[in-house]
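The listed protein sequences derive, respectively, from chains A and B.
Counting in the working numbering, the first sequence runs from 1 upward without gaps.
Counting in the working numbering, the second sequence runs from 1 upward without gaps.
Hints are computed from structural coordinates only; laboratory data are not their basis.
Watch out, some of these pointers could steer you wrong.
Said to hold, decoys possible - List time: in silico BS3-like cross-link candidates among lysine-lysine, alpha-carbon distance up to 25 Å: (1) Lys315(B) to Lys5(A); (2) Lys78(B) to Lys88(B); (3) Lys78(B) to Lys49(A).
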Amino acid sequence: MLYTKDGSPPHLTPDLLDAIEDVQGVHLGLQELFEHKDVFVKYRQVKDKGAHDFFALGEHVTFFGIRDPMAFTESPSSGPTQKQTDTPQQPNNPSQSPSSSSSSSSSSSSKPPSSSPLPPVAQGYITATSKKGRAKVTVQDYADIITSLSPDVFSGMSAEVEWRASKKRSHKACHLSSDLLDGLLALLPPHMHQRVFGVVSGAGFKDQRLRSAQDVAKKNVAGFVLSGFDTGETLDERAEMLEIIMQQLPIDKPKLVTGPGRPEEVLDMIAAGVDMFCTYYPHLNTQMACALSFPVSYPFPPSQQQHDAHDPSKLNLRDPVYVLDKLPMVPGCLCYACRTHTRAYVHHLLNTHEMLADVLLT
Amino acid sequence: ASFMDPPLQFIVTAECGRARVGRLHLPHHICDTPMFMPVGTQGTIKGLTAHQVVDLNCGVILGNTYHLGHRPGPEVMKELGGLHEFMKYPRAMLTDSGGFQMVSLLKLAEITEEGVTFQSPHDGSTMLLTPEMSMKIQNAIGADIMMALDDVVSSTTTGPRVEEAMHRTLRWIDRCIKAHDRPKEQNLFGIVQGGLDPALRDQCLAEMIKRDLPGYAIGGLSGGESKDKFWPIVGQCAKGLPRNKPRYLMGVGYALDLVVCSALGVDMFDCVFPTRTARFGTALVPWGALQLKSAEYAMDFQPIDFNCTCLFCRKYTPAYI
Numbered sequence: 001m002l003y004t005k006d007g008s009p010p011h012l013t014p015d016l017l018d019a020i021e022d023v024q025g026v027h028l029g030l031q032e033l034f035e036h037k038d039v040f041v042k043y044r045q046v047k048d049k050g051a052h053d054f055f056a057l058g059e060h061v062t063f064f065g066i067r068d069p070m071a072f073t074e075s076p077s078s079g080p081t082q083k084q085t086d087t088p089q090q091p092n093n094p095s096q097s098p099s100s101s102s103s104s105s106s107s108s109s110s111k112p113p114s115s116s117p118l119p120p121v122a123q124g125y126i127t128a129t130s131k132k133g134r135a136k137v138t139v140q141d142y143a144d145i146i147t148s149l150s151p152d153v154f155s156g157m158s159a160e161v162e163w164r165a166s167k168k169r170s171h172k173a174c175h176l177s178s179d180l181l182d183g184l185l186a187l188l189p190p191h192m193h194q195r196v197f198g199v200v201s202g203a204g205f206k207d208q209r210l211r212s213a214q215d216v217a218k219k220n221v222a223g224f225v226l227s228g229f230d231t232g233e234t235l236d237e238r239a240e241m242l243e244i245i246m247q248q249l250p251i252d253k254p255k256l257v258t259g260p261g262r263p264e265e266v267l268d269m270i271a272a273g274v275d276m277f278c279t280y281y282p283h284l285n286t287q288m289a290c291a292l293s294f295p296v297s298y299p300f301p302p303s304q305q306q307h308d309a310h311d312p313s314k315l316n317l318r319d320p321v322y323v324l325d326k327l328p329m330v331p332g333c334l335c336y337a338c339r340t341h342t343r344a345y346v347h348h349l350l351n352t353h354e355m356l357a358d359v360l361l362t
Numbered sequence: 001a002s003f004m005d006p007p008l009q010f011i012v013t014a015e016c017g018r019a020r021v022g023r024l025h026l027p028h029h030i031c032d033t034p035m036f037m038p039v040g041t042q043g044t045i046k047g048l049t050a051h052q053v054v055d056l057n058c059g060v061i062l063g064n065t066y067h068l069g070h071r072p073g074p075e076v077m078k079e080l081g082g083l084h085e086f087m088k089y090p091r092a093m094l095t096d097s098g099g100f101q102m103v104s105l106l107k108l109a110e111i112t113e114e115g116v117t118f119q120s121p122h123d124g125s126t127m128l129l130t131p132e133m134s135m136k137i138q139n140a141i142g143a144d145i146m147m148a149l150d151d152v153v154s155s156t157t158t159g160p161r162v163e164e165a166m167h168r169t170l171r172w173i174d175r176c177i178k179a180h181d182r183p184k185e186q187n188l189f190g191i192v193q194g195g196l197d198p199a200l201r202d203q204c205l206a207e208m209i210k211r212d213l214p215g216y217a218i219g220g221l222s223g224g225e226s227k228d229k230f231w232p233i234v235g236q237c238a239k240g241l242p243r244n245k246p247r248y249l250m251g252v253g254y255a256l257d258l259v260v261c262s263a264l265g266v267d268m269f270d271c272v273f274p275t276r277t278a279r280f281g282t283a284l285v286p287w288g289a290l291q292l293k294s295a296e297y298a299m300d301f302q303p304i305d306f307n308c309t310c311l312f313c314r315k316y317t318p319a320y321i
């Protein structure tokens, strides 16, 4: 699922996005979009339209997720990456007054009548971190965003914890994921229930992961988000945990992971049973002026002159060796950039700090 | 590009007072005038693919000799087949001579009879731009229209420097004509100087026209002079230039200027204004300019311009932007 920033794929206008044949879906992130909730609610009220229309996403499948794929960066060593920013979670608190932060969304027919207090579980919340700082996202808030934007599929609410979190914190997160899912489903209209992905929590604890997976497998959800990967686990730990989780989940529902993006890691996860990936790995490469050039189909094309001998999966187009190179970035690739332009041109654009470099690299 | 002989033909198809509508035939494209030419200084219109520029129905776009002569440089440019091939823009192009940088980078430039010595703001290296050198770089770039190297002074300059620059411009046009290596493929335009002095302008016009060039530009304006000094000079030059050749007013401009100068008989314009102002969040519409960062647009879901068919208007709302 293509990485988006504030709702749009970086550097790609709708015509360019539509022209990339291999991209079928995009990821939309709560962390960035939450602060604009009022705009989306109004858009739904005024135009009765959601994310696809507002962000001009065409026919792409949209997944609305909790965790920001970009909170992670690729570490120099070959293992998975550094820790994410922690999002503290709060358990339900029945003594809180009913949530008043949401403007009512008129499309939700199963919302409880406004005269009675919201059920306690609907007052639970998670925290989102945006440019403006931290904000509380209650179940009602989240329901409002989801009904306004109407993404094709979306994550249940969850508190993200890193792999090596304390047992206690992880345990709380497991409970939260489960309880908030129930609360969310109570607030959403029935037709949205078949789009929610249940969350498997549990950090690095096998027993918690097992219970979380068993628990969410029983619920009537469309698929599963396996949270907390790429937060400090080793590849062996990841593989082991995936096996434990997969055994508990029904085979006929999709599984999604946010985080890992390097080709080898993605392949390992596919082998383990993961179906959907939210990563900003391609965008990171664009920022580093690299074109991803690893082969994607078998048989592999004969190797061309490899300028980046120590990393054959990408070309760093800042390298002066490309100044007269008339080849496309990846010979044989059918994208607009490779069909039209040369490595020499992209190299020149990078040299002169031109925006078009990012567009073509993306 | 088709082989045309001569490489430029200009046909006036309608007139209204001094204003005219025309068809400008260039090797790479047939353009409609009056024509606004967006600026793609370093071999790209910032952020747009060549395909999108064609989609916007642009005719001629600009490249800049000073910048492209520095990066990637004439040898690389020539090796890669010229700017058309480099950028993959199929329509027509025009290159500025590098003269404007004299004004815009004046602190870093030294002007002598031989040429202009620039100090690069990027790495401090010096480059001497002579008329011959400008022609050489522009020949390597290969644009349909090339501009002569002129001695440009800021329009707010007064005194003998203005006259000196005008005369030098004439001496330099002759050097440019001599050094121009591809007259059958590229059109060299001369630039009329003379500051805000009508007498100097008349002199320059007369001399420039004697050189019988495919087209002419009105230079040295749009630099901060007051409008009531600007219009008369534009009018004088447009009127003084031959009817059957394109007239290019360099560096103009704002919407109102385009309308008034078209009425005065100008056919071609270039300016960084629309692309630059867009980078600051401003949308240009027929009735003015909209500052889309302003909070009033946060929940504005109506298309900006119901009649517009550009990508923005078809796909997005002001609220999104």
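Going through the hints against the structure:
1. Lys315(B) to Lys5(A): holds, 18 Å
2. Lys78(B) to Lys88(B): Within the cut-off at roughly 14 Å; holds.
3. Lys78(B) to Lys49(A): Given that 25 Å is the threshold and the Cα spacing comes to 51 Å, the pair is violated.
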